[in-house]
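Order-wise, the sequence lines are chains A and B.
Residues 1 to 55 in my numbering are what the first sequence spells out, letter by letter.
Residues 1 to 469 in my numbering are what the second sequence spells out, letter by letter.
The set of hints was computed from the structure by calculation and includes no laboratory data.
Glycine is no exception: its CB is placed at the ideal position from the N, C-alpha and C atoms.
A hint or two may mislead.
Output of the computed footprint for chain A on chain B, the stretches with three or more beta carbons under 8 angstroms from beta carbons of chain A [what the hints assert, rightly or not]:
{"#": "1", "segment": "237 to 250"}
{"#": "2", "segment": "297 to 311"}
{"#": "3", "segment": "341 to 350"}
{"#": "4", "segment": "427 to 434"}
Ranges between beta-carbon positions, derived for each pair [claimed, not checked]:
{"#": "5", "chain 1": "B", "residue 1": "Val102", "chain 2": "A", "residue 2": "Arg14", "range": "33 to 43 angstroms"}
{"#": "6", "chain 1": "B", "residue 1": "Ala87", "chain 2": "A", "residue 2": "Pro37", "range": "42 to 52 angstroms"}
{"#": "7", "chain 1": "A", "residue 1": "Asp34", "chain 2": "B", "residue 2": "Glu289", "range": "37 to 47 angstroms"}
Covered stretches of chain A, going by a simulated chain B footprint (3 or more residues, C-beta under 8 angstroms) [what the hints assert, rightly or not]:
{"#": "8", "segment": "7 to 19"}
{"#": "9", "segment": "30 to 42"}
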Amino acid sequence: MTDDHRAQFDAECRAAGLMLSARDRELLFDMWVDWLPQRDRLRAEVPAPEEEPWR
Amino acid sequence: MALSVADLDLRGVSEALARRDVTSVQAAEEYLGRIQQHDRVLRSYITVMADHALARAKAADADTERGRRRGPLHGVPIALKDLIAVAGVRMTSGSQLYADHVPTRDAFVTRRLHDAGAVILGKLAMHEWAFGRPATEGPFPTGRNPWDIHRAPAGSSSGSAVAAAAGLCAGALGSDTGGSVRGPAAMTGLVGHKPTYGLVSRSGVLTMCWSLDHVGPMTRSVWDSAALLQVIAGTDPDDTSTRGAQVQDYLGGLEAGARGLRLGVLRRFYVDFPGLNDDVRAAALTAFETLRAEGATLTDVDAPSLDLSTAAWAPFLAETYEYHARNLRERPEGYRESLRPRVYMGALVTAADYLRAQRLRERFRREVDALLERVDLLVFPGQMTPALRFEDFPMSGLAPASMRYTAPWNLLGLPAVVVPCGVSREGLPVSIQIVGRAFDDATVLRLARAYERATDWHTRRPDPTRWRL
């Protein structure tokens with residue numbers, strides 16, 4: 001993990017309006033870092049136009 | 001009473017009641033006695049409803065005396081995961097926050113079970129809010145696996161699995177958002193059925209993710225699950241997801257066998273997955289050959305989007321966060337430390353992530369729909385590993401690797417059942433999983449029954465003499 005990761009995480013928590021204890025913040029950060037590769041995979045996918053959101 | 005209901009499956013109890021070999025009061029009393037005897041170790045119940053159960057059992061017996069049996073569940077003692085409401089009985093969801101929560105209305109499925117004459121023995125242990133981790137301590141322990149009490153039964157419907165497997169009820173209901181019926185059923189040698197999304201109402205059932213939650217049976221045999229599903233399936237005005245529910249006759253075609261069914265083996269993603277336990281793989285491959293011998297045809301198939309299914313499942317945790325946001329803000333100490341970050345993760349899901357996941361879900365649906373035009377059912381191992389020791393259970397991370405065996409089928413809402421297919425070298429149950437077309441739960445159950453009929457894994461019981469700490 002990098003300082004960039006920490007800055008990005010802090011920004012995302014702010015954007016989400018999360019007010020966390022120091023302990024929860026660390027636990028969440030670890031989970032978030034662990035999850036980033038999956039999220040990157042999700043964001044890298046380019047759905048076809050007909051792949052509309054589930055109705 | 002010479003007959004012990006604890007040795008029987010739900011069907012056996014039902015038939016014994018119909019023959020009047022046993023009364024419902026006798027059956028309920030035996031289960032209550034076993035709960036008193038064994039549940040200090042197994043910890044499968046959060047609330048035992050002894051007075052309620054005995055009153056219902058007495059009424060069922062009176063109806064039987066008058067020749068008014070209501071069906072196969074009449075007088076049968078069962079139990080419910082503690083997120084399914086029974087009016088006037090506390091419902092905790094395994095959470096300190098809800099330790100004193102008492103719903104005033106029955107859940108839809110509770111009403112259906114009562115109307116069918118079932119006797120509810122109590123409310124069963126579960127992972128906190130259906131998303132926590134196994135716990136052996138604290139106010140709401142999640143239960144010990146009756147096949148080895150030093151192992152977790154997985155979750156989140158842990159108590160449902162323990163009670164049904166240990167003969168502390170004739171069958172149970174659980175809920176499944178990423179595998180919470182099928183996982184614990186697989187770990188305890190039970191049949192676990194996640195019905196088609198929209199077939200069983202969730203009104204009166206506490207939420208984890210609105211669009212992925214399912215309520216389903218956990219039982220010792222396929223017939224048992226079919227009988228429970230027959231009662232709880234159907235349209236409920238209080239749950240709009242059930243508007244299109246298509247209810248079938250789940251018991252009528254159960255003995256039709258495997259002959260003529262075309263099965264697709266999801267080999268690349270499931271059987272060949274390097275993380276799959278060798279004993280589970282070997283048992284599943286043997287089970288597939290049994291199905292072939294029973295007259296099914298098997299072909300290897302694949303759905304490339306399976307690789308994205310865990311990535312597409314997680315954004316739905318935005319729903320979990322939305323459900324919990326206020327409580328987390330006001331009373332974070334009411335959640336275990338191991339659960340809080342998993343729920344907070346939902347707050348970090350953007351609207352774009354959520355919609356991207358929805359679109360990938362649609363891609364996945366199209367792939368699987370195409371497969372299910374070529375084959376009737378999909379088959380694969382039911383779990384990644386046999387039951388884990390408590391200390392080996394993953395306590396960090398958002399979604400364990402084992403979820404690949406279950407969560408994709410919550411995304412699609414297709415019917416999925418696990419059925420026991422062997423034991424590991426350590427004597428722990430393992431299973432196969434069967435997935436079918438939407439609202440064709442009957443064919444899924446038919447194949448499960450065909451397999452069960454050809455084998456005897458479902459007749460094995462854990463040894464009560466080992467339930468000592």
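Outcome of the hint check:
1. 237 to 250: violated (count 0)
2. 297 to 311: Our answer is that it holds, as 3 residues pass the Cβ test (under 8 angstroms) against chain A, meeting three.
3. 341 to 350: holds (count 6)
4. 427 to 434: Not satisfied, violated; 0 residues make the cut.
5. B/Val102 / A/Arg14: 33 to 43 angstroms: holds (39 angstroms)
6. B/Ala87 / A/Pro37: 42 to 52 angstroms: holds (46 angstroms)
7. A/Asp34 / B/Glu289: 37 to 47 angstroms: With a Cβ separation near 39 angstroms, A/Asp34 and B/Glu289 satisfy 37 to 47 angstroms, so the hint holds.
8. 7 to 19: It holds, with 6 qualifying residues against the three required.
9. 30 to 42: holds (count 9)
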